[in-house]
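Engineer: Sequence order for the protein chains is A and B. Numbering follows the working numbering, with no gaps: position 340 of the first sequence is 340. Numbering follows the working numbering, with no gaps: position 434 of the second sequence is 434.
Hints in this document: simulated from the structure, not taken from any laboratory. Careful, some of the hints might be misleading.
[Unchecked claim] Among the chain A residues that face chain B by a calculated CB cut under 10 Å, a handful are: (1) His136; (2) Asp169; (3) Thr194; (4) Tyr197; (5) Val258; (6) Ala261; (7) Arg264; (8) Thr268; (9) Arg271; (10) Gly279; (11) Phe280; (12) Leu343; (13) Phe349; (14) Ala350.
[What the hints assert, rightly or not] A few chain B residues facing chain A, derived, Cβ under 8 Å: (15) Lys101; (16) Leu104; (17) Arg197; (18) Gly392; (19) Gln438; (20) Ile474; (21) Ala486; (22) Lys503; (23) Lys510; (24) Leu532; (25) Val536.
[To be verified] Simulated restraints, written as ranges between beta carbons of each label pair: (26) Ser179/A with Lys581/B: 20 to 26 Å; (27) Ala146/B with Asp186/A: 33 to 39 Å; (28) Ser282/A with Asp514/B: 22 to 28 Å; (29) Ser219/A with Asp514/B: 17 to 23 Å; (30) Glu204/A with Leu532/B: 23 to 29 Å; (31) Leu441/B with Trp184/A: 35 to 41 Å; (32) Ser356/A with Arg538/B: 22 to 28 Å; (33) Gly177/A with Ser412/B: 49 to 55 Å; (34) Asp362/B with Ala360/A: 31 to 37 Å; (35) Trp184/A with Leu145/B: 43 to 49 Å.
Where is the CB? At the ideal position from N, CA and C, for every residue including glycine.
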Amino acid sequence: MPQQLLEYRCPACGASLHFDSASQQVVCPYCDSSFSPQSLIDYDSFLKEDAKNTQSDPWANDPTRWEKDEVTGLNVYTCAACGGEVLGDDTLASSRCPFCDNTVIMKRQFTGDWKPDLVLPFKVDKQAAQSAFRKHLHGKKLLPKAFRSESCIEEIKGMYVPFWLFSSDVSASMKYGASKTRSWSDSQYIYHETSSYALLRAGEATFSQIPVDGSKKMSDALMDSLEPFDLSEAVPFQTAYLSGYFSDRYDVSADDSVPRAQKRFQDTFGRMMSQTTGGFSSVSLDSANYAERNNKREYALLPVWLLHVRWRGKLYTFAMNGQTGKFVGNLPVDNGRARLYWLLFGGLFAVLLGGSVLLAHFLGCGGGCI
Amino acid sequence: MKRLLSILLIALLLLPLAAAQADQTAHIYIDEGLLTEEELQAIEARAQQIADTHQVGVYFVYVMSIEQITDYADQFMVETVTEENAVALFVNEAYYHFAHKGPLAEAVFTDSVCDGVLWETFRSVKDDNYRKVLSYFDAADGQLLAYQTNPDAQATAAETAAFTVPDYIARTKGGKPTLCDSAQLLSAAEAEALSKRLLAIGDAYRCDVVIATVSSLGYKSAEAYADDFFDYNGYGYDATPDETGTTRDGDGVLLLLSMEDRDFAISTSGYGITAFTDYGIQIYLENAFLPYLKQNDYANGFNIFADGCEYLLKEARSGTPFDVFTVSEQTANGKPVIADMAAMLTVEQVRDLSKQLKALGDKYRCDVVLVTDTEQWYDDGDKNAKRAYESGGYGYRDGNEDRGGILMFLSSGGQMGFYTDGFASKAFQGRGMYKFRQSILSALYERDEIRDALKAYTAKADEYLQAASDGHAINPINWIPVAIAAGIGVLLGRIPVSSMKRKLTDVYSKTEADSYLVPQSFRLTQNSDVLLNTRVSRTVRVTETTSSGGGGGRSGGGGFHGGSTTHTSSSGGTHGGHSGKF
Numbered sequence: 001m002p003q004q005l006l007e008y009r010c011p012a013c014g015a016s017l018h019f020d021s022a023s024q025q026v027v028c029p030y031c032d033s034s035f036s037p038q039s040l041i042d043y044d045s046f047l048k049e050d051a052k053n054t055q056s057d058p059w060a061n062d063p064t065r066w067e068k069d070e071v072t073g074l075n076v077y078t079c080a081a082c083g084g085e086v087l088g089d090d091t092l093a094s095s096r097c098p099f100c101d102n103t104v105i106m107k108r109q110f111t112g113d114w115k116p117d118l119v120l121p122f123k124v125d126k127q128a129a130q131s132a133f134r135k136h137l138h139g140k141k142l143l144p145k146a147f148r149s150e151s152c153i154e155e156i157k158g159m160y161v162p163f164w165l166f167s168s169d170v171s172a173s174m175k176y177g178a179s180k181t182r183s184w185s186d187s188q189y190i191y192h193e194t195s196s197y198a199l200l201r202a203g204e205a206t207f208s209q210i211p212v213d214g215s216k217k218m219s220d221a222l223m224d225s226l227e228p229f230d231l232s233e234a235v236p237f238q239t240a241y242l243s244g245y246f247s248d249r250y251d252v253s254a255d256d257s258v259p260r261a262q263k264r265f266q267d268t269f270g271r272m273m274s275q276t277t278g279g280f281s282s283v284s285l286d287s288a289n290y291a292e293r294n295n296k297r298e299y300a301l302l303p304v305w306l307l308h309v310r311w312r313g314k315l316y317t318f319a320m321n322g323q324t325g326k327f328v329g330n331l332p333v334d335n336g337r338a339r340l341y342w343l344l345f346g347g348l349f350a351v352l353l354g355g356s357v358l359l360a361h362f363l364g365c366g367g368g369c370i
Numbered sequence: 001m002k003r004l005l006s007i008l009l010i011a012l013l014l015l016p017l018a019a020a021q022a023d024q025t026a027h028i029y030i031d032e033g034l035l036t037e038e039e040l041q042a043i044e045a046r047a048q049q050i051a052d053t054h055q056v057g058v059y060f061v062y063v064m065s066i067e068q069i070t071d072y073a074d075q076f077m078v079e080t081v082t083e084e085n086a087v088a089l090f091v092n093e094a095y096y097h098f099a100h101k102g103p104l105a106e107a108v109f110t111d112s113v114c115d116g117v118l119w120e121t122f123r124s125v126k127d128d129n130y131r132k133v134l135s136y137f138d139a140a141d142g143q144l145l146a147y148q149t150n151p152d153a154q155a156t157a158a159e160t161a162a163f164t165v166p167d168y169i170a171r172t173k174g175g176k177p178t179l180c181d182s183a184q185l186l187s188a189a190e191a192e193a194l195s196k197r198l199l200a201i202g203d204a205y206r207c208d209v210v211i212a213t214v215s216s217l218g219y220k221s222a223e224a225y226a227d228d229f230f231d232y233n234g235y236g237y238d239a240t241p242d243e244t245g246t247t248r249d250g251d252g253v254l255l256l257l258s259m260e261d262r263d264f265a266i267s268t269s270g271y272g273i274t275a276f277t278d279y280g281i282q283i284y285l286e287n288a289f290l291p292y293l294k295q296n297d298y299a300n301g302f303n304i305f306a307d308g309c310e311y312l313l314k315e316a317r318s319g320t321p322f323d324v325f326t327v328s329e330q331t332a333n334g335k336p337v338i339a340d341m342a343a344m345l346t347v348e349q350v351r352d353l354s355k356q357l358k359a360l361g362d363k364y365r366c367d368v369v370l371v372t373d374t375e376q377w378y379d380d381g382d383k384n385a386k387r388a389y390e391s392g393g394y395g396y397r398d399g400n401e402d403r404g405g406i407l408m409f410l411s412s413g414g415q416m417g418f419y420t421d422g423f424a425s426k427a428f429q430g431r432g433m434y435k436f437r438q439s440i441l442s443a444l445y446e447r448d449e450i451r452d453a454l455k456a457y458t459a460k461a462d463e464y465l466q467a468a469s470d471g472h473a474i475n476p477i478n479w480i481p482v483a484i485a486a487g488i489g490v491l492l493g494r495i496p497v498s499s500m501k502r503k504l505t506d507v508y509s510k511t512e513a514d515s516y517l518v519p520q521s522f523r524l525t526q527n528s529d530v531l532l533n534t535r536v537s538r539t540v541r542v543t544e545t546t547s548s549g550g551g552g553g554r555s556g557g558g559g560f561h562g563g564s565t566t567h568t569s570s571s572g573g574t575h576g577g578h579s580g581k582f
């Protein structure tokens with residue numbers, strides 16, 4: 001069972017609360033009370049204010065940095081086995097690493113790091129993840145039959161994965177070499193004319209909130225495949241949303257993530273530019289210069305269901321977008337069956353094509369033919 | 001009259017080519033910089049002088065950038081030329097073209113004069129633009145002068161008069177010499193014997209047989225010279241000359257040799273046109289005597305000519321003139337089994353082979369025929385064969401059953417083609433037809449003998465038609481394409497399999513950010529296309545047809561006509577015959 005690393009206490013009975021993705025409320029599993037995250041936060045801060053009497057809004061001074069005394073209740077721990085990082089409170093002595101299932105000893109304290117700006121709450125629950133997995137296996141003819149029956153889901157974890165969201169006004173200038181050809185003839189010669197052009201293009205475009213996965217442990221491709229997230233549903237970060245889920249802290253810094261975002265918007269920008277170079281027989285890009293203005297980076301926690309499935313000693317990782325329910329993950333291929341299907345289709349096509357050539361022969365297709 | 005310049009000519013033509021503008025006077029239009037102003041004026045003065053003397057404008061247009069030279073010329077003759085009569089030479093990068101206007105210019109500047117005299121003169125002057133252009137005007141002037149002081153009748157009479165025919169030469173019934181050897185090719189004894197022989201043949205078949213040799217044709221074509229020689233000298237058996245000594249349509253045949261360019265022409269007239277068919281002239285005269293003339297063995301060549309004339313006249317007088325269809329057997333529908341329009345076979349070969357082919361036709365109730373032609377109407381031999389089949393009206397019809405036939409087409413240009421119809425198209429099909437063709441080709445290539453190919457044609461046609469009659473037409477399966485198709489099928493089988501495999505993988509890195517582009521935020525701030533340079537290269541065009549369609553007297557569409565092609569000579573007489581080089 002996943003540990004609840006961040007806990008809020010039920011104001012009614014004092015039990016641990018967790019976030020219910022179906023109702024988008026924080027609920028108490030013992031007394032069935034439910035609270036909106038905001039009211040819980042208000043209640044929480046009231047308690048804290050009450051206790052300390054002096055402290056105001058903890059985010060007031062620097063909205064993007066953890067406050068010193070807020071951090072005293074939170075820790076980032078590193079799994080000794082796989083290097084995965086786990087967010088937990090400082091009362092927690094140990095947990096299981098969500099990536100490798102090893103026991104984690106949480107020692108290191110953290111201070112002065114980025115605080116998440118946004119969090120996108122879970123909208124689909126664990127049952128949905130389980131049924132999405134079964135649906136994922138459906139209709140896959142080359143999936144080994146035994147995988148369906150023998151595989152077992154070792155663990156399903158709801159996890160907030162750290163993402164960097166990059167926004168930027170991009171301007172670019174490009175130079176293309178292009179040519180146009182034209183042919184005509186008179187009674188004696190065929191003429192070919194080649195005109196060379198330099199195409200000069202400049203333009204600008206705005207990109208908003210390109211997500212780049214800020215966690216080393218999460219495969220970049222797996223996280224990319226979960227896109228798109230509807231970030232308009234994201235809310236300002238509150239620890240209340242993390243209740244009941246694993247949460248992870250970034251371990252790829254924003255600066256290190258910038259090249260991936262750049263590569264992505266340059267690719268899109270480049271294609272939009274090359275669409276303006278029609279009407280030539282050949283076009284090649286000579287040079288491209290990009291400049292970015294009004295850069296904005298946001299730190300967001302995005303909801304992901306992770307499924308670890310063990311089959312014949314091998315671990316398969318699947319992921320589901322916790323907001324949209326999009327399910328991804330590579331499945332094993334039954335090579336024996338693949339060859340069987342090839343034999344089947346190959347044989348069918350061979351008979352069809354060879355047969356039609358024979359048919360053409362017998363119907364006769366003139367003197368010049370085969 | 002549009003002719004190609006050879007590459008050599010382009011090189012030696014007027015050299016400085018920097019000019020885009022043109023220099024022009026009343027009669028000269030040329031690219032700038034080719035002639036100095038003084039030279040230009042000097043030549044214009046010459047053109048003016050010609051126009052004043054003869055009332056004929058002579059023009060010279062040398063503009064490399066003209067694209068459609070004939071269109072340009074047509075327009076030029078209408079819009080720019082002021083004289084009633086005019087001739088103009090147009091030259092561009094690739095062609096030269098002559099155009100004339102008015103009856104006088106048309107009479108003087110015939111195709112042969114333009115190509116043979118004016119162009120040749122212009123072409124032969126090298127290295128000096130001024131002399132080159134001037135030589136063209138001089139030559140035109142010379143032609144006009146020659147025409148006006150020495151029209152056709154006098155020209156020929158004058159030349160004949162200049163040569164005294166010796167007394168020992170036999171004379172026709174009309175009193176004209178049967179041999180007029182002004183080029184002096186024969187000894188006195190040879191000449192005497194030959195002339196007597198020609199007279200004897202002429203008298204026996206009531207048709208003058210004449211041989212004339214000259215050293216030069218002047219500005220006439222060989223054909224025109226021969227016609228005029230015949231008419232103006234009053235030849236023709238029982239012909240009645242008018243007061244100037246000219247006869248029209250008298251019965252006779254004349255062989256003319258001109259030694260300057262080794263031209264020959266055979267001119268026939270009156271009954272001669274009937275007796276000497278195109279095919280007869282080709283087979284019995286030209287094919288026979290040309291080899292001797294080529295070796296300068298004139299005595300034998302002329303005697304062979306006399307033999308041929310005797311044979312052809314004898315055939316004609318006995319009822320049927322020798323012609324392409326009289327030799328060959330006929331199909332069931334009365335069409336010639338062999339139509340040897342190109343005279344590629346000897347008479348014996350035609351007789352022999354047509355018998356064999358007719359036997360096949362009778363046996364399988366299906367035409368098996370051969371057509372040869374000098375013309376290639378299409379680039380594709382099979383199309384030519386189809387055309388020959390349809391225009392020749394071939395096809396064996398047995399009641400309602402269309403038994404069709406097979407036609408083999410050969411052109412003197414080396415093209416071979418086949419056409420099959422009806423029953424024959426079932427006998428020769430697919431790969432069977434391919435093998436049939438191959439076996440004839442390999443027979444042809446083995447010794448380069450048409451005879452071998454025709455032997456193979458006969459034998460193979462028999463084999464194929466026999467097989468088809470027995471109900472199993474020869475059409476072997478070629479397994480190679482079948483195997484290739486099956487192989488492609490096996491490879492295609494991978495496509496659905498890999499699409500199934502792809503369904504198992506859905507984790508991919510994203511390289512684009514299309515969905516994060518803020519809508520309508522993309523905006524071009526610069527959009528300019530700068531032309532850097534333009535290069536033009538050209539390649540020589542491969543012509544699509546190897547011969548021009550529809551020439552000569554043979555009809556373009558309607559089957560084969562034997563008989564004789566005729567034309568009208570300058571005196572108005574009708575002549576047949578043929579001309580060429582030896």
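Engineer: Determine for every hint whether it applies to the structure shown.
Structural biologist: Against the structure, the hints:
no.	hint	result
1	His136	9 Å, holds
2	Asp169	8 Å, holds
3	Thr194	5 Å, holds
4	Tyr197	5 Å, holds
5	Val258	13 Å, violated
6	Ala261	8 Å, holds
7	Arg264	4 Å, holds
8	Thr268	5 Å, holds
9	Arg271	7 Å, holds
10	Gly279	9 Å, holds
11	Phe280	8 Å, holds
12	Leu343	8 Å, holds
13	Phe349	3 Å, holds
14	Ala350	3 Å, holds
15	Lys101	24 Å, violated
16	Leu104	31 Å, violated
17	Arg197	51 Å, violated
18	Gly392	19 Å, violated
19	Gln438	11 Å, violated
20	Ile474	12 Å, violated
21	Ala486	4 Å, holds
22	Lys503	6 Å, holds
23	Lys510	4 Å, holds
24	Leu532	4 Å, holds
25	Val536	5 Å, holds
26	Ser179/A with Lys581/B: 20 to 26 Å	51 Å, violated
27	Ala146/B with Asp186/A: 33 to 39 Å	36 Å, holds
28	Ser282/A with Asp514/B: 22 to 28 Å	25 Å, holds
29	Ser219/A with Asp514/B: 17 to 23 Å	22 Å, holds
30	Glu204/A with Leu532/B: 23 to 29 Å	27 Å, holds
31	Leu441/B with Trp184/A: 35 to 41 Å	38 Å, holds
32	Ser356/A with Arg538/B: 22 to 28 Å	44 Å, violated
33	Gly177/A with Ser412/B: 49 to 55 Å	54 Å, holds
34	Asp362/B with Ala360/A: 31 to 37 Å	34 Å, holds
35	Trp184/A with Leu145/B: 43 to 49 Å	45 Å, holds
Going down the numbered hints, you'll see the structure goes against 5, 15, 16, 17, 18, 19, 20, 26, 32, while the others check out.
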